[in-house]
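Protein chains: 2
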Amino acid sequence: MRGLLIVISGASGTGKGTVCKKILNDLPAVAYSISATTREPRPGETDGREYYFLGRDEFKSWIADGKFLEYAQVYGNFYGTPLNKIEERLNRGEDILLEIDVQGALNVKKKCPEGIFIFLLPPSLDELKRRIEGRGTETPASLERRLKNAVAEIKIGLEYDYVVVNDTIENAAEKIKAILTAERCKVSRNADKFIFEGGF
Amino acid sequence: MRGLLIVISGASGTGKGTVCKKILNDLPAVAYSISATTREPRPGETDGREYYFLGRDEFKSWIADGKFLEYAQVYGNFYGTPLNKIEERLNRGEDILLEIDVQGALNVKKKCPEGIFIFLLPPSLDELKRRIEGRGTETPASLERRLKNAVAEIKIGLEYDYVVVNDTIENAAEKIKAILTAERCKVSRNADKFIFEGGF
Numbered sequence: 157m158r159g160l161l162i163v164i165s166g167a168s169g170t171g172k173g174t175v176c177k178k179i180l181n182d183l184p185a186v187a188y189s190i191s192a193t194t195r196e197p198r199p200g201e202t203d204g205r206e207y208y209f210l211g212r213d214e215f216k217s218w219i220a221d222g223k224f225l226e227y228a229q230v231y232g233n234f235y236g237t238p239l240n241k242i243e244e245r246l247n248r249g250e251d252i253l254l255e256i257d258v259q260g261a262l263n264v265k266k267k268c269p270e271g272i273f274i275f276l277l278p279p280s281l282d283e284l285k286r287r288i289e290g291r292g293t294e295t296p297a298s299l300e301r302r303l304k305n306a307v308a309e310i311k312i313g314l315e316y317d318y319v320v321v322n323d324t325i326e327n328a329a330e331k332i333k334a335i336l337t338a339e340r341c342k343v344s345r346n347a348d349k350f351i352f353e354g355g356f
Numbered sequence: 157m158r159g160l161l162i163v164i165s166g167a168s169g170t171g172k173g174t175v176c177k178k179i180l181n182d183l184p185a186v187a188y189s190i191s192a193t194t195r196e197p198r199p200g201e202t203d204g205r206e207y208y209f210l211g212r213d214e215f216k217s218w219i220a221d222g223k224f225l226e227y228a229q230v231y232g233n234f235y236g237t238p239l240n241k242i243e244e245r246l247n248r249g250e251d252i253l254l255e256i257d258v259q260g261a262l263n264v265k266k267k268c269p270e271g272i273f274i275f276l277l278p279p280s281l282d283e284l285k286r287r288i289e290g291r292g293t294e295t296p297a298s299l300e301r302r303l304k305n306a307v308a309e310i311k312i313g314l315e316y317d318y319v320v321v322n323d324t325i326e327n328a329a330e331k332i333k334a335i336l337t338a339e340r341c342k343v344s345r346n347a348d349k350f351i352f353e354g355g356f
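Just so you know, the sequences run in chain order A and B. Residues 157 to 356 in our numbering are what the first sequence lists, from first letter to last. Residues 157 to 356 in our numbering are what the second sequence lists, from first letter to last.
Just to be clear, a hint being listed does not mean it is correct.
The list that follows gives simulated cross-link-like pairs (lysine to any residue, SDA-like), each with its CA atoms no further than 20 Å apart [unchecked claim]:
1. Lys349/A - Leu303/B
2. Lys333/A - Asp317/B
3. Lys342/A - Leu314/B
4. Lys342/B - Lys304/A
5. Lys349/A - Val307/B
6. Lys311/B - Arg340/A
7. Lys349/B - Lys342/A
8. Lys342/B - Thr324/A
9. Lys333/B - Arg345/A
10. Lys349/B - Gly171/A
11. Lys304/A - Asp317/B
12. Lys333/A - Asn327/B
13. Lys349/B - Leu281/A
14. Lys311/B - Glu206/A
These stretches of chain A come out as covered by chain B in the derived footprint (C-beta under 8 Å, 3 or more residues) [as the list claims (entries may be wrong)]:
15. 179 to 191
16. 207 to 215
17. 315 to 323
Note that these hints are calculated values from the structure, not bench results. Where a beta carbon is used, it is the ideal one built from N, C-alpha and C, also for glycine.
One chain only, chain A, in its complex shape (with noise of 0.2 Å):
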């Protein structure tokens, strides 16, 4: 079976980062594609882990070679998905997943309409509130920003092909795998299950 195109997305602050540690910790199997960022690195946060962490210059020069199957300008950042080869690994059977901004992930949603769009919620927007205010990375005027920009960002996932609300990050994760099971389950992935060699 080829692999499946795995787009984890959701707005600023809904906890897209953890979840899909939780995914990929607890599926091997699963590759994480790394994305490409000019932001600064957050406290923790390891070049060519996390993201692949650029000069402006660098990302425009990445751009320019085609290096990207999208990108997009978020906050005055850009982040890219390096296309990395995934259509090759997919191909191969691998599955990837990938860690997108909302903007981003509706590009790829264009180009690659047979992947598995996944929306995070938060459960609420005060929650989402502590959540990006506890991150402490934030001034207040960047804050004020992103939870203006969340309400609107919300609403874009109802392009999505599936919503998760993230109350803990066990449930959404559950709910994350029991997606990618179902996926694989889908008859147009099986079509050679249909074709039994040989008969009676």
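Go by the hints and put chain B onto chain A.
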């Protein structure tokens, strides 16, 4: 959320009944919609539990009274899905499981495309043969007819949403449960989750 209409089908002898029993046992919130049939009860089957066992004249009067969502003739016997207020129950949020033959399930799909159509496959044709023989209720003629029809029926599975190989009851039930979890996460079933009251 509206309830899920879960339709489990598969060629004769793939173990639909056993798998459905396991699902109903594991998920007590799912209600079983009992089918009606004119075939003889098998050992251990009780009227009103596995099936409503009707005489042919009684079955025909149910048809005349518009009591069926669908009905079909299979191997000389009639099988039908009683309406039993299915629509009202789904609107109340009740999940309803239908176990139907291949032909009947496709008729339901035409009327209720929002249903979840799951096709059970045997692990192999040899295994299917062993299972039908092992049932001990077939004459040589009916066995041969069932096996020949099974190959034709399996091809119809390509029109379903999901395919689950019934290698063990536990594996098949786990996959079906994952499918139900995934379906509950479909954006199309969760439009209300994208409307946050208030805002900031």
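| said: Just to make sure I understand the rule, a stretch counts as covered if three or more of its residues have a C-beta closer than 8 Å to a C-beta of the chain. Does the region 207 to 215 of chain A meet that for chain B? | reply: Contact hint for the region 207 to 215 of chain A vs chain B: violated, 0 residues under 8 Å.
| task | Decide if the proposed pair is consistent with the structure: Lys342/B and Lys304/A, CA atoms, cutoff 20 Å inclusive. | result | violated (26 Å)
| query | Do the alpha carbons of Lys349/B and Gly171/A lie within 20 Å of each other, as the hint requires? | reply | holds (17 Å)
| query | Lys333/B and Arg345/A: Cα distance at most 20 Å? | reply | holds (19 Å)
| query | Does the structure keep Lys311/B and Arg340/A at a Cα separation of 20 Å or less? | reply | This hinted pair holds, its Cα atoms lying about 19 Å apart.
| 20 Å Cα cutoff - pair Lys333/A, Asp317/B | With a Cα-Cα distance of about 19 Å, the restraint between Lys333/A and Asp317/B holds, given a limit of 20 Å.
| message | Hint check: Lys349/A vs Val307/B, CA-CA at most 20 Å. Holds or violated? | response | Roughly 12 Å between the alpha carbons, so the hint for Lys349/A and Val307/B holds.
| said: Given the hinted pair Lys333/A and Asn327/B, is their Cα-Cα distance within 20 Å? | reply: The given pair, whose Cα atoms are some 15 Å apart, holds under the 20 Å limit.
| task | Take a quick look at whether Lys304/A and Asp317/B sit within 20 Å of each other, Cα to Cα. | result | Roughly 39 Å separates the two Cα atoms, so the pair is violated.
| said: Check whether the Cα positions of Lys349/B and Leu281/A lie no farther apart than 20 Å. | reply: holds (12 Å)
| field | Pair hint Lys311/B and Glu206/A, alpha-carbon separation not exceeding 20 Å | value | Roughly 45 Å separates the two Cα atoms, so the pair is violated.
| Is the Cα-Cα distance between Lys349/B and Lys342/A 20 Å or less? | Measuring from Cα to Cα gives roughly 25 Å; hence the hint is violated.
Of the numbered hints listed earlier, those contradicted by the structure are 4, 7, 11, 14, 15 and 16.
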